Amino acid sequence: MKLLAWLVIGAPLLGASAPPILGAQGKPLTVTGVRGVTFGAVFPGVPRVISRTDPANSGQFDIKGPNRSRVLLSFVLPLTMTGPAGAQLPLSFGSSDAGYSQSQAIGSQIGFDPKQPFTAALANNGRGSVFVGGTANPTANQRAGAYTATITLTVTVLP
Amino acid sequence: MRNSKLSLAVLALVVFGASAVQAQTNSASITATASVQTPINVIGFQALNFNNVFPGVNKPVAATDLTNAGRFDVTGQVSTPVTLSFTLPATLSSGANTMPIDTYTGVHALNSAQTGGVAFNPVTGANPTLSGTGGLFVWIGARVVPATNQAQGVYTASVTMTVVY
Chain A
1 MKLLAWLVIG
11 APLLGASAPP
21 ILGAQGKPLT
31 VTGVRGVTFG
41 AVFPGVPRVI
51 SRTDPANSGQ
61 FDIKGPNRSR
71 VLLSFVLPLT
81 MTGPAGAQLP
91 LSFGSSDAGY
101 SQSQAIGSQI
111 GFDPKQPFTA
121 ALANNGRGSV
131 FVGGTANPTA
141 NQRAGAYTAT
151 ITLTVTVLP
Chain B
1001 MRNSKLSLAV
1011 LALVVFGASA
1021 VQAQTNSASI
1031 TATASVQTPI
1041 NVIGFQALNF
1051 NNVFPGVNKP
1061 VAATDLTNAG
1071 RFDVTGQVST
1081 PVTLSFTLPA
1091 TLSSGANTMP
1101 IDTYTGVHAL
1111 NSAQTGGVAF
1121 NPVTGANPTL
1131 SGTGGLFVWI
1141 GARVVPATNQ
1151 AQGVYTASVT
1161 MTVVY
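Protein chains in written order, with our numbering: chain A, 1 to 159; chain B, 1001 to 1165.
Read the hints as simulated data drawn from the structure, not as lab findings. Treat the hints with caution; some may be incorrect.
Claimed, not checked - Only some residues are given here: those of chain B computed to face chain A with a beta carbon under 7 Å:
no., residue
1, Asn1111
2, Ser1112
3, Ala1113
Claimed, not checked - Here are the simulated distance ranges between beta carbons:
no., chain 1, residue 1, chain 2, residue 2, range
4, A, Thr154, B, Gly1044, 35 to 41 Å
5, B, Ser1112, A, Ser92, 25 to 31 Å
6, B, Pro1055, A, Gly145, 20 to 26 Å
7, A, Ser74, B, Gly1135, 31 to 37 Å
8, B, Gly1125, A, Ala85, 31 to 37 Å
9, A, Pro84, B, Pro1055, 26 to 32 Å
10, B, Gly1135, A, Pro47, 51 to 57 Å
11, B, Ala1090, A, Pro117, 57 to 63 Å
12, A, Thr135, B, Pro1055, 40 to 46 Å
13, A, Val49, B, Asn1097, 49 to 55 Å
14, B, Thr1025, A, Gly145, 48 to 54 Å
15, B, Asn1052, A, Pro84, 32 to 38 Å
16, B, Ala1096, A, Thr135, 39 to 45 Å
17, A, Pro55, B, Thr1025, 25 to 31 Å
Unchecked claim - Derived list of chain B stretches under chain A, where covered just means 3 residues or more per stretch with a C-beta under 8 Å from a C-beta of chain A:
no., region
18, 1025–1033
19, 1155–1163
Source: prediction; values computed, not measured. Yeah, the Cβ is synthetic: ideal placement off N, Cα and C, and Gly gets one too.
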């Protein structure tokens, strides 16, 4: 009996140091990039705005974690997209260009500023989604070609 | 013995709970993409030329006159709509003398022979689509109305066309 009791203690200690870290309900925190932000065809000198509610072109991240837990959402946003021969295409993000949806529905978001950390709550099933839009601002003499950049979302489960 | 087992079970829960409240962090990335289209280029290929004009005799140049109508050549992204707008002078000038222009006409086409050309009013502009090779040709005609006592001289003015996607 004594041996069994010590095994019960040892198992959680081992788990605490092995990834993935488990939450209070034993669910690991996962963040998945579902869809990129697609500005599509952009014309020199003509800004192109993608709304966070655009179901085809907005970016989307899905989050899974401990049920009902509070999470801190933080973006790393690019200032430009990089194109042919290193050409840069300026990007900007407005104060409501990101949105959080506990139900993971694009039509049911709470907007927030992607340039600032935002606290949200995961749903009863431990899920949530983050949507992001933005504006591409090509110059009048923007070099033609394909441009890309990376948007990173970091999610932290708050104690 | 029973008491001892109970104590150990409580300890296990406390240790587990302590590890669960540690901050958990995870990240993911997505890509932002854009495809920048070919910039628009416009050149003034040919001047609008009224040639000899006589006092009191109106002189029109049709937009379909391939020799004398003004012509702009446009290049840009293939098969893409553009908007044409114009700055049109109301008069030609020769020093302090002026000569009125009372009408303007326009034609745009996908080739320099004006085949399949589309007439438009330069005052209100037009919204054509660039060709499959990204080209567009625009001709401007007009009519001058010289006075019966129009002073002799060479009269000029500038017509400007602006093209945007």
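Comparing the hints with the structure gives:
A hinted interface residue such as Asn1111/B counts as satisfied when its beta carbon comes closer than 7 Å to some beta carbon of chain A; here the least separation is about 23 Å, so the hint is violated. For the restraint placing Ser1112/B at the interface with chain A, the shortest Cβ-Cβ distance is roughly 24 Å, beyond the 7 Å limit, so the hint is violated. The beta carbon of Ala1113/B comes no nearer than 28 Å to any beta carbon in chain A, farther than 7 Å, and the hint placing it at the interface is violated. Against the hinted window of 35 to 41 Å, the Cβ-Cβ separation of Thr154/A and Gly1044/B comes to about 54 Å, which falls outside the hint.
The given range of 25 to 31 Å is broken by Ser1112/B and Ser92/A, whose C-beta atoms sit roughly 41 Å from each other. Separation of Pro1055/B from Gly145/A is about 56 Å and departs from the stated range, judged on CB atoms against 20 to 26 Å. For the hinted restraint 31 to 37 Å between Ser74/A and Gly1135/B, the CB-CB distance of approximately 48 Å leaves it violated. The beta-carbon spacing between Gly1125/B and Ala85/A, approximately 35 Å, falls within the hinted interval of 31 to 37 Å.
In this structure the hint that Pro84/A and Pro1055/B lie 26 to 32 Å apart at CB is violated, the actual value being about 58 Å. Here the CB-CB span from Gly1135/B to Pro47/A is close to 26 Å, at odds with the stated 51 to 57 Å. Between Ala1090/B and Pro117/A, the C-beta spacing of about 59 Å keeps the proposed range 57 to 63 Å intact. Between Thr135/A and Pro1055/B the Cβ separation comes to about 57 Å, which falls outside the hinted range of 40 to 46 Å.
Evaluation of the 49 to 55 Å hint for Val49/A and Asn1097/B yields a pass: the beta carbon distance comes to about 50 Å. Checked against the hint of 48 to 54 Å, the C-beta distance between Thr1025/B and Gly145/A comes to roughly 36 Å, which is inconsistent with it. A C-beta distance of roughly 51 Å is found between Asn1052/B and Pro84/A, which places it outside the suggested range of 32 to 38 Å. Checking the proposed 39 to 45 Å range against Ala1096/B and Thr135/A shows it is violated: the Cβ atoms sit about 50 Å from each other.
In this structure, Pro55/A and Thr1025/B meet the distance hint of 25 to 31 Å, their C-beta atoms being roughly 29 Å apart. Given as covered by chain A, the region 1025–1033 of chain B passes the check, having 9 residues with a CB less than 8 Å from a CB of that chain where 3 are the minimum. With a threshold of 8 Å between beta carbons, the proposed coverage of the region 1155–1163 of chain B by chain A is violated, since 0 of its residues qualify and at least three are required.
In this structure, the hints that do not hold are numbers 1, 2, 3, 4, 5, 6, 7, 9, 10, 12, 14, 15, 16, 19, in rising order.
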